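Top line first, the protein sequences correspond to chains A and B.
Read in the numbering used here, the first sequence has 57 at position 57, and its numbers run on one by one without any break.
Read in the numbering used here, the second sequence has 255 at position 86, and its numbers run on one by one without any break.
Any given hint might turn out to be false.
Unchecked claim - The list that follows gives simulated cross-link-like pairs (lysine-lysine, BS3-like), each with its CA atoms no further than 25 Å apart: (1) 269/B - 257/B; (2) 83/A - 166/A; (3) 167/A - 257/B; (4) 257/B - 114/A; (5) 167/A - 269/B; (6) 257/B - 86/A; (7) 114/A - 269/B; (8) 86/A - 167/A; (9) 166/A - 269/B.
As the list claims (entries may be wrong) - With the C-beta cut set under 7 Å, the calculated list includes, among others, these residues of chain B facing chain A: (10) 181; (11) 206; (12) 209.
Everything labelled a hint here was simulated from the structure, so no lab data went into it.
A quick note: this is a predicted structure, and the numbers were derived from the prediction, not measured.
We put the CB at the ideal spot given by N, CA and C, even for glycine.
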Amino acid sequence: MQPVATTFFFYFLAAVTVLSGVLVITRRNPVHSALALILALLGQAGLYLMLYAPFVAGVQIILYAGGIMVLFLFVIMLVSIEKSQKEEQFNNMWIVGLLAALALGALFIGVYVKGRDLFAGREVALPEQSNTQQIAILLYGNYMFAFEIASLLLLVAIIGAVVMAKKRI
Amino acid sequence: MVPITTLHYLVVAAALFVLGVIGVLTRRNVVIVLMSIELILNAVNLNLVAFSRLYGLHGQVFAIFVITDAAAEAAVGLGILIAFFRNKETVNVDEVDLLKW
Chain A
1 MQPVATTFFF YFLAAVTVLS GVLVITRRNP VHSALALILA LLGQAGLYLM LYAPFVAGVQ
61 IILYAGGIMV LFLFVIMLVS IEKSQKEEQF NNMWIVGLLA ALALGALFIG VYVKGRDLFA
121 GREVALPEQS NTQQIAILLY GNYMFAFEIA SLLLLVAIIG AVVMAKKRI
Chain B
170 MVPITTLHYL VVAAALFVLG VIGVLTRRNV VIVLMSIELI LNAVNLNLVA FSRLYGLHGQ
230 VFAIFVITDA AAEAAVGLGI LIAFFRNKET VNVDEVDLLK W
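Chain A on its own, in the form it takes in the complex:
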């Protein structure tokens, strides 16, 4: 039996996340979108905490809300947003895109409702205190090769970003 607070915090964090997501895709000013996205990421970090994933929640806040969003805000500062704010914000096929996305969402919900018995009541409480240790053991054990490839990917991304943003090499 779950305590009442679990239900309350789940719906609170889910509402924060989804409403901020709506704000991200509807605001005219990209800076407002970026701030709403930070709020969505923080709400999602709270959901990770509720799922017994404190390490992923910390990485989410430090790396996403702290790192990637600063990058976004810097680029918004570099490109001029005054002109784009006066223009039409949605392309002229927006109704088709909206309907396609909503059909995709209906498909998701249909599949989840139909197959919900597959994962009903199978939740196990993961060890909360040793979460970071367990992730480290997996990361440096089973996924050692993938971890090294990820570092290579980041190196390629750094070089790619510099090459793209530089005026002449």
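Take the given structure of chain A and dock chain B to it, following the hints.
Same frame as chain A, but now just chain B:
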């Protein structure tokens, strides 16, 4: 009172995913399209972490790899955006037609 199950988290993740897809398909501003891609990646991460409660910690490790990917994608995407803005003085995806003939 209905207990919060994995299904609840999956529905939240599906809502975030759909919001991201709507943003990618309908917005004209490249910066907001990139932010919508971040929303999509986050929805996938929420799914992975929700399933890690059923199948062990592998989902959380995979979520960390997806975050790494998202960082690389944001860096390269924003670099492309700066290069594009320098050439065309606009941030509208409709006007990205350099490779069309």
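Right, here's what the structure says about each hint:
1. 269/B - 257/B: The hint holds at about 15 Å.
2. 83/A - 166/A: 24 Å, holds
3. 167/A - 257/B: 14 Å, holds
4. 257/B - 114/A: Violated - the C-alpha atoms of residue 114/A and residue 257/B are around 49 Å apart, more than 25 Å.
5. 167/A - 269/B: Distance ~23 Å between residue 167/A and residue 269/B Cα, so the pair holds.
6. 257/B - 86/A: 17 Å, holds
7. 114/A - 269/B: 44 Å, violated
8. 86/A - 167/A: 28 Å, violated
9. 166/A - 269/B: 24 Å, holds
10. 181: 5 Å, holds
11. 206: For residue 206/B, the interface hint is violated, since the closest Cβ of chain A sits about 11 Å away, which is over 7 Å.
12. 209: Since the shortest Cβ distance to chain A is 10 Å, the answer is violated.
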